[in-house]
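Chemist: One-letter residues, chain by chain:
Number of protein chains: 2
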Amino acid sequence: MNAGKLYGLGIGPGDPELLTLKAHRILTSVPVIAYPTLENGNSVARTIVADFIRPDQIEVPMPLPFSVERSSQPYYDIAAEKIAEHLQGGQDVAVLCEGEPMLYGSFMYLFGRLAPQFLTEVVPGISSTTASAAMLGAPLTFRDDVFIIMPATLDAQTLRDRLAGVDAAVIIKLGRHFAKVRTLLEELGLLDRALYIERATQPNQRIIPITEIDPAEVPYWSLILIPSQTQPLGATRSCSVETLP
Amino acid sequence: MNAGKLYGLGIGPGDPELLTLKAHRILTSVPVIAYPTLENGNSVARTIVADFIRPDQIEVPMPLPFSVERSSQPYYDIAAEKIAEHLQGGQDVAVLCEGEPMLYGSFMYLFGRLAPQFLTEVVPGISSTTASAAMLGAPLTFRDDVFIIMPATLDAQTLRDRLAGVDAAVIIKLGRHFAKVRTLLEELGLLDRALYIERATQPNQRIIPITEIDPAEVPYWSLILIPSQTQPLGATRSCSVETLP
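The listed protein sequences correspond, in order, to chains G and U. Just add 17 to the spot in the first sequence (first one is 1) and you have our numbering. Just add 17 to the spot in the second sequence (first one is 1) and you have our numbering.
Hints were generated in silico from the structure; no laboratory data involved.
Label-pair distances were calculated between CB atoms; the ranges are:
| id | chain 1 | residue 1 | chain 2 | residue 2 | range |
| --- | --- | --- | --- | --- | --- |
| 1 | U | 246 | G | 177 | 20 to 26 Å |
| 2 | U | 231 | G | 94 | 40 to 46 Å |
| 3 | U | 224 | G | 80 | 34 to 40 Å |
| 4 | U | 221 | G | 233 | 51 to 57 Å |
| 5 | U | 161 | G | 231 | 20 to 26 Å |
| 6 | G | 182 | U | 94 | 31 to 37 Å |
| 7 | U | 228 | G | 231 | 49 to 55 Å |
| 8 | U | 91 | G | 161 | 18 to 24 Å |
| 9 | G | 223 | U | 82 | 40 to 46 Å |
| 10 | U | 64 | G | 233 | 49 to 55 Å |
No residue lacks a Cβ here, since even glycine has one placed at the ideal position from N, Cα and C.
All chains should be built: construct the whole structure from the sequences, respecting the hints.
Modeler: Written out as structure tokens, the structure is:
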């Protein structure tokens with residue numbers, strides 16, 4: 018019997034319609050679907066694609082620790098073992114990954130463990146960074162612009178150094194690091210250009226002026242976008258861009 | 018009569034299956050479809066979605082100059098006027114944009130001209146940068162990594178400065194700038210980590226070891242990817258990643 022094939026499916030930032038046709042085809046045709054869950058059993062990834070899952074498909078929840086203090090690596094060891102059993106049994110397995118698997122994606126930890134042994138295909142997904150730009154109606158980069166993505170978890174000096182000389186930036190994983198980032202942007206004169214969004218394209222998406230944000234209320238799934246100033250002729254951001262409900 | 022709605026549709030890097038469900042729904046339901054063409058009439062964007070276009074849909078080709086010496090702005094003026102006529106007539110118009118509209122996308126030039134007057138919605142698309150990572154089986158970034166995207170059109174010193182201190186990078190728009198970038202990566206000791214791909218996910222996609230590339234043969238639609246070295250436990254890139262035909 019041939020081993021099954023492993024799929025790493027980028028399922029996008031939240032709106033189920035932002036799955037690709039390919040991810041949708043694979044998701045609805047594989048016998049086994051695996052996805053990360055919090056220890057309480059909740060899964061953002063499963064919620065996104067809930068309407069596409071059939072009752073006859075086998076589901077493999079992969080519990081991950083919520084706290085950053087605990088290493089998630091032993092959890093991925095267990096998940097990889099469970100998935101490997103299905104693959105060895107000849108079943109294809111699709112692992113759901115929010116956003117884009119290769120860009121800070123949870124799937125890469127399974128990719129590292131399983132791709133050396135099993136045929137593996139990664140299906141790219143819509144990243145929350147570009148989905149946020151669409152929701153905000155804010156073109157990110159033009160022509161020769163340099164674009165950077167940085168986690169807010171880095172210290173202020175590193176963030177400052179990396180922002181120097183780039184034309185556009187996205188600062189991800191804000192959460193409890195929001196106040197530090199806000200102070201830094203103020204120092205660098207970037208606060209006027211900065212746009213804030215949380216849970217882009219999800220039903221509870223929020224866009225808030227950056228000066229009105231309560232740092233205590235900023236979730237992990239939020240980001241700040243600093244669009245390029247290389248605006249083309251006639252460009253403006255003060256337009257009627259429709260966002261998802 | 019109400020004016021029509023303008024859609025900027027990210028259609029991804031080349032594989033028609035990498036359209037999102039949303040882009041596919043809008044593309045197959047609007048009365049008018051516009052897309053950039055070269056002056057000879059060829060359109061990469063139209064080719065990608067050719068199988069989804071119906072004979073009863075109105076097509077609006079938007080000729081753009083191939084030469085970088087000529088400004089494309091007057092061409093966008095003309096295209097915006099043509100599209101505005103349909104919108105004013107009450108017809109929705111979908112503008113096709115290869116890759117991701119907000120990231121170096123051609124749609125942004127129409128966005129700047131038309132979004133101030135017409136209801137506009139941008140639908141994010143799969144970027145060639147992350148699609149390339151999937152095709153190469155190369156995870157880009159983990160955890161606290163900093164990620165940069167830079168056009169090869171920049172001078173060597175700027176490229177060198179921006180590469181300093183980042184964990185992962187994609188250098189886009191290689192074309193005739195390949196030799197300069199190769200020399201730079203060699204100087205910085207990055208050549209061993211660099212992966213080359215052209216026309217990712219298109220039928221004529223090519224992945225070539227970077228040391229075997231003829232600089233005279235490098236197309237504009239090629240890029241070099243430098244993945245993060247923050248590999249998680251057990252990660253490897255020497256695996257059987259399936260690429261598209």
